[in-house]
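Going down the list, the sequences are from chains A and B. In the working numbering, each residue carries its 1-based index in the first sequence increased by 1. In the working numbering, each residue carries its 1-based index in the second sequence increased by 295.
Treat the hints with caution; some may be incorrect.
From chain A, some residues computed to sit far from chain B (all C-beta separations above 10 angstroms) [what the hints assert, rightly or not]:
id	residue
1	17
2	40
3	121
4	235
Derived lysine-lysine pairs resembling BS3-like cross-links, with alpha carbons at most 27 angstroms apart [stated by the list, open to error]:
id	chain 1	residue 1	chain 2	residue 2
5	B	306	A	13
6	A	213	B	306
7	A	111	B	403
8	A	111	A	91
9	A	94	B	403
10	A	230	A	91
11	A	78	B	371
12	B	403	A	130
13	B	421	A	213
14	A	91	B	303
15	B	403	A	13
16	A	24	A	39
17	A	230	B	306
18	A	130	A	91
19	A	111	A	230
20	B	306	A	3
21	B	421	A	78
22	A	24	A	13
Selected chain B positions facing chain A (in silico; Cβ < 10 angstroms) [said to hold, decoys possible]:
id	residue
23	303
24	313
25	322
26	323
27	352
28	354
29	357
30	358
31	394
32	396
33	397
34	403
35	414
36	432
FYI, nobody ran anything at the bench for these hints, they're computed from the structure. Cβ coordinates follow ideal geometry from the N, Cα and C atoms, glycine included.
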Amino acid sequence: MKVRIRRFDGQKEWWQDYEVDAKPSDTVLDVLNRIREKQDHTLAFRQSCQMGSCGSCGMVINGLPALACQTRIGELKTESIRLEPLYNYKVIKDLVVDLNDFVNKHRSVKPWMIRKNPEELEEAPTEFKVTPEQNLTFVQFDYCIMCGICLAACPTVAIDPLFLGPQALGQAYRYIADPRDEGFEERIDILDDSHGVWRCHFAGACSYVCPKGVDPAKAIQYLKKDILKYRLLHKKRASTKPAELVQKAPPPNAPKPPPFDFKVEGGV
Amino acid sequence: MGEEKKEKRYKSGLLRSLWPYNFNVERYTYTLHRITGVILILYLMAHVFEIYHVALGPVAWEQTMALLGSLGIWEKIGLWIIAGSALYHGANGFRLILNEVFGMLLGKPVLPEYPYTPTSLSRNQKIAIYLIVLVVEALWIWAGIYLLWGLGII
Chain A
2 MKVRIRRFDG QKEWWQDYEV DAKPSDTVLD VLNRIREKQD HTLAFRQSCQ
52 MGSCGSCGMV INGLPALACQ TRIGELKTES IRLEPLYNYK VIKDLVVDLN
102 DFVNKHRSVK PWMIRKNPEE LEEAPTEFKV TPEQNLTFVQ FDYCIMCGIC
152 LAACPTVAID PLFLGPQALG QAYRYIADPR DEGFEERIDI LDDSHGVWRC
202 HFAGACSYVC PKGVDPAKAI QYLKKDILKY RLLHKKRAST KPAELVQKAP
252 PPNAPKPPPF DFKVEGGV
Chain B
296 MGEEKKEKRY KSGLLRSLWP YNFNVERYTY TLHRITGVIL ILYLMAHVFE
346 IYHVALGPVA WEQTMALLGS LGIWEKIGLW IIAGSALYHG ANGFRLILNE
396 VFGMLLGKPV LPEYPYTPTS LSRNQKIAIY LIVLVVEALW IWAGIYLLWG
446 LGII
């Protein structure tokens, strides 16, 4: 079988062809490992669990973003395979992409439990119960393995690098829908932004390619509905910038801070 | 040079965002929605410019009408494309409002089970899309016949 791989060495890009013996039951990741073991040890790609749990081996297989460990050769039904790094990401080497922006977007929506009284997270006054029915409202979005495939499929991410993207927005909804979380008002200015939920035009490609059935497109549409409802009921306008990002300039006559003291207390 | 290439995002940009090949039907509707939206904006700008000639007096207006008349069948083809764009953009926009504002046609959150068929892209969504395509096609064909009849071709 012919395998065509998009290579990048930090300087130049090129397509490289390999001939590999592959059975229909082999995964694309098996084929890549075989190439690296027997033919070309310079080929770079990520992998870890080899069972669709870690999300490391996301790449574009025959034009569609997918996990290499979950894609079998027989499913592709083609004579050759074309492998590329994930679209919309900066490439580090060959099939390895830079996930820094992706992780920062994820972090920016505060994907953790928020309580109005933060001390409750340290010392809970009582057990925070979730019924099976309540659990069903968010557990689907909890299945995200952060593979980044959804951003490679998203047409909006292709034109707006600052768009939060389906993964981060899906995770924001996962916590907002959780009855134990009270952080909707804390997150709303981040989500209700020109690079937030309204940049999504529901192409649905994220849900189509998601290897875990998370359906981030659905989560984003639910977020839009919730934000609209909140704005209408509370008549609050979205600020142009999240409050924590607005840096107040010091007054003109403010005293200058003392120079930093490099001496370590108590010695080294 | 090498640094520049490293900073560039792989296969990103406007053309990539409009290229739906290999993806789901919703992504095709997205592309068509963008393209028809641009056609309608261009038409509205041209239409405002056309109407503006009324303020310049009857001579300017007559000249504008004569210019449009000189386009012959191309004017009608242009109008037909604009009619199709308006029909599709309106109908698909209505579907998107149902999705985005009312959360309809999306299904409820479910426990994902292999082979992971997303409910937001499942039966209800597909029915809405094919219904839109059917109605828009029918009305667009009718608009084409009407324009040809106006030209005396049929």
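Outcome of the hint check:
1. 17: 16 angstroms, holds
2. 40: Non-interface label on residue 40/A holds, nearest chain B Cβ at 24 angstroms vs cutoff 10 angstroms.
3. 121: It holds; residue 121/A is separated from chain B by about 26 angstroms at its closest Cβ, greater than 10 angstroms.
4. 235: Holds: least Cβ distance 17 angstroms, greater than 10 angstroms.
5. 306/B / 13/A: Holds, at about 15 angstroms.
6. 213/A / 306/B: 24 angstroms, holds
7. 111/A / 403/B: 24 angstroms, holds
8. 111/A / 91/A: 24 angstroms, holds
9. 94/A / 403/B: Given pair residue 94/A, residue 403/B is violated - Cα atoms ~40 angstroms apart, limit 27 angstroms.
10. 230/A / 91/A: It is violated: about 37 angstroms lies between the C-alpha atoms, which goes past 27 angstroms.
11. 78/A / 371/B: Cα-Cα ~46 angstroms, so violated.
12. 403/B / 130/A: 22 angstroms, holds
13. 421/B / 213/A: Holds. Residue 421/B to residue 213/A sits at ~21 angstroms (cutoff 27 angstroms).
14. 91/A / 303/B: 6 angstroms, holds
15. 403/B / 13/A: 47 angstroms, violated
16. 24/A / 39/A: Roughly 16 angstroms separates the two Cα atoms, so the pair holds.
17. 230/A / 306/B: 37 angstroms, violated
18. 130/A / 91/A: 42 angstroms, violated
19. 111/A / 230/A: 21 angstroms, holds
20. 306/B / 3/A: 23 angstroms, holds
21. 421/B / 78/A: 25 angstroms, holds
22. 24/A / 13/A: 32 angstroms, violated
23. 303: At about 7 angstroms, which falls below the 10 angstroms cut-off, the nearest Cβ of chain A leaves the hint on residue 303/B intact, so it holds.
24. 313: 7 angstroms, holds
25. 322: 4 angstroms, holds
26. 323: Where the cut-off is 10 angstroms and the nearest Cβ of chain A is about 9 angstroms from residue 323/B, the hint holds.
27. 352: With a closest approach of 43 angstroms, the residue 352/B hint is violated.
28. 354: With Cβ-Cβ at 44 angstroms, over 10 angstroms, it is violated.
29. 357: 42 angstroms, violated
30. 358: 40 angstroms, violated
31. 394: Holds, about 5 angstroms.
32. 396: 6 angstroms, holds
33. 397: Residue 397/B check passes; min Cβ-Cβ to chain A is 7 angstroms, inside 10 angstroms.
34. 403: 8 angstroms, holds
35. 414: 7 angstroms, holds
36. 432: Status violated, d = 21 angstroms.
Going through the hint list in order, the structure does not satisfy hints 9, 10, 11, 15, 17, 18, 22, 27, 28, 29, 30 and 36.
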